[in-house]
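Enquirer: Protein chains in written order, with the working numbering: chain A, 6 to 332; chain B, 6 to 332; chain C, 6 to 332; chain D, 6 to 332.
If you're looking for bench data, these hints aren't it; they were derived computationally from the structure. Since this is a predicted model, take the numbers as computed values, not measurements. Be aware that a few hints might be false.
Just so you know, same-sequence chains aren't split out, so a pair can sit in one copy or run between any two.
[What the hints assert, rightly or not] Straight-line alpha carbon distances no greater than 25 angstroms define the calculated SDA-like cross-link-like pairs of lysine to any residue that follow:
| no. | residue 1 | residue 2 |
| --- | --- | --- |
| 1 | Lys9 | Ser311 |
| 2 | Lys297 | Leu27 |
| 3 | Lys58 | Arg99 |
| 4 | Lys58 | Arg159 |
| 5 | Lys297 | Ala208 |
| 6 | Lys58 | Thr8 |
| 7 | Lys63 | Arg154 |
| 8 | Lys133 | Ser51 |
| 9 | Lys282 | Ala257 |
| 10 | Lys282 | Ala326 |
| 11 | Lys321 | Arg229 |
| 12 | Lys133 | Asn13 |
| 13 | Lys58 | His126 |
| 14 | Lys58 | Met323 |
| 15 | Lys297 | Glu322 |
| 16 | Lys282 | Gly164 |
| 17 | Lys58 | Ala142 |
| 18 | Lys63 | Thr12 |
| 19 | Lys133 | Glu261 |
| 20 | Lys297 | Pro328 |
| 21 | Lys297 | Leu258 |
4 protein chains.
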Amino acid sequence: METKRLTNPAAEEILGGYFPVLDHGFVSLVDYMGSDESIERAARVSYGAGTRKVSQTKGLIRYLRRHHHTTPSEMVELKFHCAMPMFVARQWIRHRTASVNEYSGRYSLMPLLFYRPDPEHFARQSEKNMQGRDAAAAPEALYREAVERWERSRRAASGDYAWLVGEDVARELARIDLPLSTYTQWYWKIDLHNLFHFLTLRAAPNAQWEIQEYARLMAGMLKRVAPISFEAWLDYNFCAEPFSRGELEALALLLEPGEDGIRVRSGAGQVTADEMKGLGLSPREIQELGEKLQPRTVPDFDLELSRMRTAEDVEKEMYQAVPGAFE
Amino acid sequence: METKRLTNPAAEEILGGYFPVLDHGFVSLVDYMGSDESIERAARVSYGAGTRKVSQTKGLIRYLRRHHHTTPSEMVELKFHCAMPMFVARQWIRHRTASVNEYSGRYSLMPLLFYRPDPEHFARQSEKNMQGRDAAAAPEALYREAVERWERSRRAASGDYAWLVGEDVARELARIDLPLSTYTQWYWKIDLHNLFHFLTLRAAPNAQWEIQEYARLMAGMLKRVAPISFEAWLDYNFCAEPFSRGELEALALLLEPGEDGIRVRSGAGQVTADEMKGLGLSPREIQELGEKLQPRTVPDFDLELSRMRTAEDVEKEMYQAVPGAFE
Amino acid sequence: METKRLTNPAAEEILGGYFPVLDHGFVSLVDYMGSDESIERAARVSYGAGTRKVSQTKGLIRYLRRHHHTTPSEMVELKFHCAMPMFVARQWIRHRTASVNEYSGRYSLMPLLFYRPDPEHFARQSEKNMQGRDAAAAPEALYREAVERWERSRRAASGDYAWLVGEDVARELARIDLPLSTYTQWYWKIDLHNLFHFLTLRAAPNAQWEIQEYARLMAGMLKRVAPISFEAWLDYNFCAEPFSRGELEALALLLEPGEDGIRVRSGAGQVTADEMKGLGLSPREIQELGEKLQPRTVPDFDLELSRMRTAEDVEKEMYQAVPGAFE
Amino acid sequence: METKRLTNPAAEEILGGYFPVLDHGFVSLVDYMGSDESIERAARVSYGAGTRKVSQTKGLIRYLRRHHHTTPSEMVELKFHCAMPMFVARQWIRHRTASVNEYSGRYSLMPLLFYRPDPEHFARQSEKNMQGRDAAAAPEALYREAVERWERSRRAASGDYAWLVGEDVARELARIDLPLSTYTQWYWKIDLHNLFHFLTLRAAPNAQWEIQEYARLMAGMLKRVAPISFEAWLDYNFCAEPFSRGELEALALLLEPGEDGIRVRSGAGQVTADEMKGLGLSPREIQELGEKLQPRTVPDFDLELSRMRTAEDVEKEMYQAVPGAFE
């Protein structure tokens, strides 16, 4: 269709396509509003007349993001259609500044699809991160037994659910013993500012791996809607680190601004853990400071277009998983 | 403790007490801020000096609520500690204008407590309300089989969970096959305006019965924090009905303002369904209009103080349900 | 440009056009996302495949609005560029669920444009509405003196501002004595649900007349984005009235549901003011009930396309009002 | 009054006291909910039974803040009564996650009090900060002429306003030519998380100096409500700095984690501006990096209790400034 609205061909290319996530989930970008240029227009409260150079747009957007002027990035919106296990949905919904319409288990029959972790992401409790898992996978035998148990419990849950709805028990009651691994789906609309906040938290390595998978895919989608903002977010948020008052004091013992750039202070060699303790840093903060000085890789989050599926195809799979459907 | 803050003795009486809901759930009012008088002060932007008569406060608060001046009621806050089945938590969390801290299944072991409906609330799918249940209970035999199935699946889910955490599998993975009937808990803080909105939707008869139980209890708690506002909410919101443009036209065919009150128009007898159709009302709206003219009972939501339990008592029960605890 | 997004030709027709409001203000719809169909898709969490009949979309949207299922209407967004006097901006900004970027008087020079009421909207304090004005205009002589005073004070304010910025005094200080009638402008983005809430309050007769003018124009714009939702809002919100518990009881003394529609109760003639007092209604509520039974006219909010101006044209006028510009 | 709620004696000491800001403004802490301990309880979803050591509370709160776990700090609320010039109010109201009730110029007569900058804060446009003022004051002669102009325009605005309301012109119209320097007032309620965000932006040196004065005072008030959180905010937010991806790479060229703390890389001496350009830093970012390595002073924001005034005293002054009052 013809439109006078700002349009981004890279976003149009994937609009309405469904990208698989985990074993039965998906994310589809179903609508968007605006682009990098909308952010500039709003920041300048401009009339939109005349054309701007891309380099000017880029300079402004990077300046805004670096200086936490986040309101102009609220002027871009993205709308997704997503399917995810309920334990993922429960983490996701904590982000309140979004609009959501979820598939209703009170009104509709649930597709009986459940998330089964892959062996390489099945792991023991992490010793470092009290709410996460080990980087290394758990032993294969342990995984095999877990899978057996999952399969048994899901067969039972599916059977019970089908029996209850077969007896015409209210759907809102029939679903109460479905496991948290059951897939649900929703429409989810959010502005770019709040999406960046979501991605910063949920594509981070300490988020549950399963929700990271969704975040990475959505990052790749927004990169197609607002590429300059995406790059600025990588540089100033996702791959950035805050330095506390005490950490800044530790840095300033070693480094200083020079006439041409920054330089090591004359005679400076190190700041010991004891000295950092004197600046108020806890043992854990001292370790974290060391980690901030390590090199890191910059992700690109590019989409694999070959994985894109059609709406019809995905819809069919979902309906076939509803008990009693197509019989 | 001594405080200069506005304090309500009726709220203090229940502060920190735990009221049971469903079979293993609870709600406790753990903190509050303000009272009816705070709403008046904010509406008048007053210095708080001098005393006001209760009748003036009442008149103002009822006026504000009747005319949708809702911002002053944001000046009162309530904080609750609640435990509820996850399928209830998932409906609850849709209300975004609240602050929440939920018990983390990634970090902590889950108490293995599950919601089992009572026989009188176990019912078939409603024919009237496509997302609800019948008013009448389902046959006892059906209930008995459902209970058997629930017990079997919960024993299995508990066993699987205990086995997985016993093998030190990451908690964030061990919990994925817990059923939606598993109890979770959270701290939940909300202002009075948004709490009224929550209660209007969730204490309504078309909400799922289980969340209604929570809403009714919380309504009884807020009645102790801000009794004048509570009464105004009953009169102007909870027990009120909107009349659409077409419904108003139908009413105006039968009634008119008189010199002393309102009166039946001379010669008016009825408005037929056909006439209402002519005013734009659908068959369903015509039926709804009839229902609005039926008498209804006004709930009081008073708390039964004898049901109040101590924090220690409730905490102990919850901890005993954690696998491996107290062994 | 080509897009796969939902597109509404009636909205495209006015996109980027500037509609005058008051003497120097304007509203322009600069972007939009979605349509009535997006609301249906979100409500059904649908895959968007296949076509729906308009009558089905309409039935669903009217049902959703009548039953306060407002979340699907959050799926539509509108973005406006607006110019308004600061006293209007101060009322407008109270609506917090919107995104705003305002022209900065710290960074930029202010155009010296001031709002001057027309004689027909210059009125004395209302005796009925303690925060409004009389329906009738004030005497012409009074208006003439007011205009003289406004002109004098605006000339002085303009002179002082031009002098201060001419002396290179910081702009954030130079502007502190500009009057509240000075025009400012902003980009303003809001979803349909929250826009309806804004319009319900700000197009209402008890809002300040000046902001009503903006609300009416924006209502006309949204009618072009989502016409079915617009009509449902008129019927179920803007032209609807709530009836309190006591008012419903008064109605039920006179009317009852019949076999075919609703009818006057046998023998019923009137409910007197005394009887209504007995039902808990205050004298003011008794009067308000009478007013709800009066016929009212339904606005259409249609735009006058002939008033639409180009961005270039409006921009030029605004820049010419900046002191020192174009000299 | 007696309460079972968490209570902080340092906050009680100032509760309801009025602290002057600028020439006619004030801030008063009129209510609060919770304390550092509430944050801990919410984070642990605890039953509040038993006592915790302060050192445990402190460790947890600092951990939460350092790792951006901000939701528990939403569990504390502060409510202020404030008076400020309207140009300050217009910046302040941009923070949307707060509850506000403002004095209504439609309903009430405005006190005719205007903000007059002190000579030391009257300055020319900054050359470094395009939206701010010079650090140094403008020449005295310039200030004197500005004061004369302000006095003239305020006398005129006061006269016009008094004449209009004397003629019973609607208040909503009478006030449209009051200058932006006119004082207004409001009740403002916000949770601790959002208050920290407000203070981070508004107590920062690039905020307009006048709103900084308010922010500093409110920081001193919250320090009395939640002192551990306050200190954590100073260390991890207010006195912290983000380092971008490129800046981290520059640091990593000079520094590395050592066995005991951090150390200068062997042979490292400096990173030149050219090298930083190669890492993607703009000239402005290179300068900003140098500034981050400068020592800075840590503010304490302590209140001067001797400046605290009573509500009665402040109220009297405000009412005397209403035209026609007390005559």
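Enquirer: Which of the numbered hints above does this structure break?
Expert: The structure conflicts with hints 2, 3, 4, 7, 10, 11, 12, 13, 15, 16, 17 and 20, although it agrees with all the remaining ones.
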